[in-house]
Amino acid sequence: MAHRQREPSAGEASDDEDDYMAMSFAEPDSPAHKETSMQRRARRVREGEIKGRVKSKAEREADAAAAQEEALATALDDSNKGFRMMAKLGYKRGAALGKSEGARTEPIKLSRKDDRGGIGLEAERKRKLRDEAGNVPNKAKFDEWDYRDRMAQEAQERRIEGQIFHAQRMAETLDTEEEAGGNTAGQGIDSGTKPLTSCNVLWRGLVLQRQADEEEQQMRRERDRNLSRFKDCVYSADDGDSSDDDEHRNVLEAKLNDRTLFDEQDDEPEADPELEEFNSLPPAERLTRLLVYLRDKHHYCFWCKCKYPDFALDGCPGVDEEDHD
Numbered sequence: 001m002a003h004r005q006r007e008p009s010a011g012e013a014s015d016d017e018d019d020y021m022a023m024s025f026a027e028p029d030s031p032a033h034k035e036t037s038m039q040r041r042a043r044r045v046r047e048g049e050i051k052g053r054v055k056s057k058a059e060r061e062a063d064a065a066a067a068q069e070e071a072l073a074t075a076l077d078d079s080n081k082g083f084r085m086m087a088k089l090g091y092k093r094g095a096a097l098g099k100s101e102g103a104r105t106e107p108i109k110l111s112r113k114d115d116r117g118g119i120g121l122e123a124e125r126k127r128k129l130r131d132e133a134g135n136v137p138n139k140a141k142f143d144e145w146d147y148r149d150r151m152a153q154e155a156q157e158r159r160i161e162g163q164i165f166h167a168q169r170m171a172e173t174l175d176t177e178e179e180a181g182g183n184t185a186g187q188g189i190d191s192g193t194k195p196l197t198s199c200n201v202l203w204r205g206l207v208l209q210r211q212a213d214e215e216e217q218q219m220r221r222e223r224d225r226n227l228s229r230f231k232d233c234v235y236s237a238d239d240g241d242s243s244d245d246d247e248h249r250n251v252l253e254a255k256l257n258d259r260t261l262f263d264e265q266d267d268e269p270e271a272d273p274e275l276e277e278f279n280s281l282p283p284a285e286r287l288t289r290l291l292v293y294l295r296d297k298h299h300y301c302f303w304c305k306c307k308y309p310d311f312a313l314d315g316c317p318g319v320d321e322e323d324h325d
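Position 126 of the sequence shown, counting from 1, maps to 126 under full-length UniProt numbering, and the rest follow consecutively.
Where hints are given, some of them may not hold.
As the list claims (entries may be wrong) - Restricting the straight-line Cα-Cα distance to at most 16 angstroms, the calculated cross-link-like pairs of lysine to aspartate or glutamate (EDC-like) are:
1. K305 / D320
2. K297 / D310
3. K194 / E179
4. K307 / D175
5. K194 / E172
6. K88 / E106
7. K307 / E172
8. K305 / E277
9. K92 / E70
10. K92 / E106
11. K109 / E70
12. K88 / E101
13. K297 / E106
Since the hints were derived computationally from the structure, they do not count as laboratory data.
These numbers come from a predicted model, not from an experiment.
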């Protein structure tokens with residue numbers, strides 16, 4: 001009796017079709033690239049050089065430092081004897097030491113010290129660097145203010161020095177006129193011909209400076225005259241010998257440049273302690289003494305530019321410049 005073969009149902013056909021569609025075929029393995037003898041030899045040479053190379057001192061120190069940092073960063077395992085002793089005392093991994101809430105959970109980081117500096121020297125150096133870096137704007141502002149104050153003070157001192165010069169000239173003129181008996185025509189006593197010690201110390205420095213300038217001008221004029229005379233002698237000598245005129249003139253001019261034609265006076269001025277003491281005073285103090293002297297001695301106000309008939313100086317607002325603003 002023949003048996004009829006059962007036909008697959010729709011679901012079973014669908015499963016077989018899905019399995020067929022989901023099949024994957026492995027790609028054949030590509031043949032491995034075979035290393036040639038030359039490549040193998042080069043590789044062995046490179047490996048031998050790497051193994052046989054001796055590291056430098058800096059590299060060895062860097063490797064040691066890296067190994068130490070790695071060891072310090074690695075937590076102790078349960079097999080460590082020290083950790084087992086702490087565990088017996090109640091320590092638990094990740095817990096803090098102590099009962100306070102802010103207790104440290106990690107050990108203090110080790111700071112290596114390989115140089116010969118004292119303890120705390122590096123921390124002090126870093127602190128100074130931080131302070132200097134933080135004070136740079138303030139320091140720059142302070143330097144700017146200091147520069148402005150210094151420049152203003154120097155300008156004020158130069159202004160006062162100019163006022164001192166004019167006040168000294170006025171004091172010299174009034175004293176000279178008084179010594180000449182009120183003669184204003186310039187026929188009185190010349191302060192330049194008097195001994196310096198007889199001049200008032202308030203304007204004695206003005207006379208000393210004027211004498212020094214006159215002596216320097218006189219020395220220059222005398223030197224120029226001597227130079228002119230010497231050159232005339234040189235060129236007169238050259239006229240008598242025309243064969244080697246140029247060479248002779250060059251030799252004489254070289255001697256002229258090396259020769260001292262005028263001997264300057266080596267005598268140093270005598271010391272004047274009184275004048276040195278006056279010049280050592282601050283400019284404002286010297287100006288004040290001159291103003292008071294003009295007012296008391298000659299009834300003259302430097303700011304009013306006026307000589308009053310009596311000591312009262314009626315109409316003058318005061319001694320200081322601010323009073324005349």
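Query raised in the report: Would the pair K92 and E70 pass a check requiring their Cα atoms to be no farther apart than 16 angstroms?
Result: Violated, at roughly 23 angstroms.
Query raised in the report: CA of K297 to CA of E106, is that 16 angstroms or under?
Result: violated (89 angstroms)
Query - Restraint status (C-alpha distance of K305 to D320 at most 16 angstroms) - result: Given pair K305, D320 holds - Cα atoms ~13 angstroms apart, limit 16 angstroms.
Requested in this report: For the pair we were handed, K307 and D175, check the Cα-Cα distance against 16 angstroms.
Outcome: holds (13 angstroms)
Report task. Given the hint that K92 pairs with E106, test it: the Cα-Cα distance must not exceed 16 angstroms. Result -> Between K92 and E106 the Cα gap is close to 13 angstroms, so the pair holds against 16 angstroms.
Query - Distance restraint between K88 and E101, which requires alpha-carbon spacing of 16 angstroms or less - result: violated (22 angstroms)
Query raised in the report: Quick one, are K307 and E172 close enough, alpha carbons at most 16 angstroms?
Result: holds (15 angstroms)
Requested in this report: Assess, step by step, whether the Cα of K109 is no farther than 16 angstroms from the Cα of E70, and give holds or violated.
Outcome: holds (13 angstroms)
**Report entry** Hint consistency between K88 and E106 [alpha-carbon to alpha-carbon, up to 16 angstroms]
**Finding:** violated (19 angstroms)
**Report entry** 16 angstroms Cα cutoff - pair K305, E277
**Finding:** Violated - the C-alpha atoms of E277 and K305 are around 28 angstroms apart, more than 16 angstroms.
Requested in this report: Given the hint that K194 pairs with E172, test it: the Cα-Cα distance must not exceed 16 angstroms.
Outcome: holds (13 angstroms)
Query raised in the report: Would the pair K194 and E179 pass a check requiring their Cα atoms to be no farther apart than 16 angstroms?
Result: holds (12 angstroms)
Hints 6, 8, 9, 12 and 13, counting from the list given before, are not met by this structure.
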